[in-house]
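Asker: Sequence:
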Amino acid sequence: MSASAIKGFILLVVLLLMQMIALFGLFGLWYASQNLKSSGSLWKREMETQVMAQLSRKLEKRFLLGAPPCLIQRVEPSKLAKMPESWWLHTGCSGNLNENGYYYYYVTESLGVDNCALVSKSDQGVMIADYYRLTIYGRRLHESQAAFVWQSTVIKPLYVALPPVCHGITHRVVAGHQMLREL
Numbered sequence: 001m002s003a004s005a006i007k008g009f010i011l012l013v014v015l016l017l018m019q020m021i022a023l024f025g026l027f028g029l030w031y032a033s034q035n036l037k038s039s040g041s042l043w044k045r046e047m048e049t050q051v052m053a054q055l056s057r058k059l060e061k062r063f064l065l066g067a068p069p070c071l072i073q074r075v076e077p078s079k080l081a082k083m084p085e086s087w088w089l090h091t092g093c094s095g096n097l098n099e100n101g102y103y104y105y106y107v108t109e110s111l112g113v114d115n116c117a118l119v120s121k122s123d124q125g126v127m128i129a130d131y132y133r134l135t136i137y138g139r140r141l142h143e144s145q146a147a148f149v150w151q152s153t154v155i156k157p158l159y160v161a162l163p164p165v166c167h168g169i170t171h172r173v174v175a176g177h178q179m180l181r182e183l
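Counting with the numbering used here, you get residues 1 to 183 for the letters of the sequence shown.
Don't read these hints as lab results, they were simulated from the structure. Don't be surprised by glycine CBs; every beta carbon is placed ideally from N, CA and C. Do not rely on the hints blindly, as some may be mistaken.
[As the list claims (entries may be wrong)] Taking lysine to aspartate or glutamate and the EDC-like style, the derived pairs with C-alpha atoms no more than 16 Å apart in a straight line are:
1. K156 - D130
2. K156 - E182
3. K44 - D114
4. K61 - D114
5. K61 - E182
[Stated by the list, open to error] Here are the simulated distance ranges between beta carbons:
6. G101 - L16: 46 to 56 Å
7. A146 - L16: 20 to 30 Å
8. G95 - G168: 19 to 29 Å
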């Protein structure tokens with residue numbers, strides 16, 4: 001092989017190595033951008049969770065102080081999650097969180113009284129658990145992103161003069177927030 005043929009072969013090998021290095025660099029940049037997108041969506045989701053937890057607590061406190069607002073008949077959670085925004089607009093109570101850029105609708109469902117769930121007891125009578133489910137439908141303002149639906153369960157104390165008949169085991173519960181979940 002002549003010297004010029006060897007130089008040509010070496011040049012070809014060097015060019016191929018440079019192309020491989022460039023491809024690895026492009027792959028690294030693509031991978032980093034995918035991680036950034038994923039991190040951004042996870043961060044946005046975490047912020048949404050925090051906002052919904054805060055909103056849920058705010059509505060639950062308001063609910064515990066007065067009559068249940070926007071009370072509807074019990075509906076399966078899967079059906080509530082599929083209800084269109086127009087249904088929420090006509091059926092639910094509404095509000096917005098201007099500081100966070102969200103608007104929301106909510107409804108309350110009575111889940112019934114548990115005669116075995118004791119909130120407190122005194123000489124005048126007992127307080128038993130009256131369970132309610134609060135469902136919140138929300139969306140960010142000025143975004144076409146899909147809406148989110150969250151539910152929380154709340155115990156409202158119900159005063160009764162005489163202890164009710166319990167067909168099970170009496171247990172103590174704490175009034176207020178019980179759980180929060182996304183549908």
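Asker: Indicate, hint by hint, whether the structure satisfies it.
Answerer: Cross-check of the supplied hints:
no.: 1; hint: K156 - D130; in the structure: holds (5 Å)
no.: 2; hint: K156 - E182; in the structure: violated (22 Å)
no.: 3; hint: K44 - D114; in the structure: violated (38 Å)
no.: 4; hint: K61 - D114; in the structure: violated (21 Å)
no.: 5; hint: K61 - E182; in the structure: violated (20 Å)
no.: 6; hint: G101 - L16: 46 to 56 Å; in the structure: holds (52 Å)
no.: 7; hint: A146 - L16: 20 to 30 Å; in the structure: violated (47 Å)
no.: 8; hint: G95 - G168: 19 to 29 Å; in the structure: violated (38 Å)
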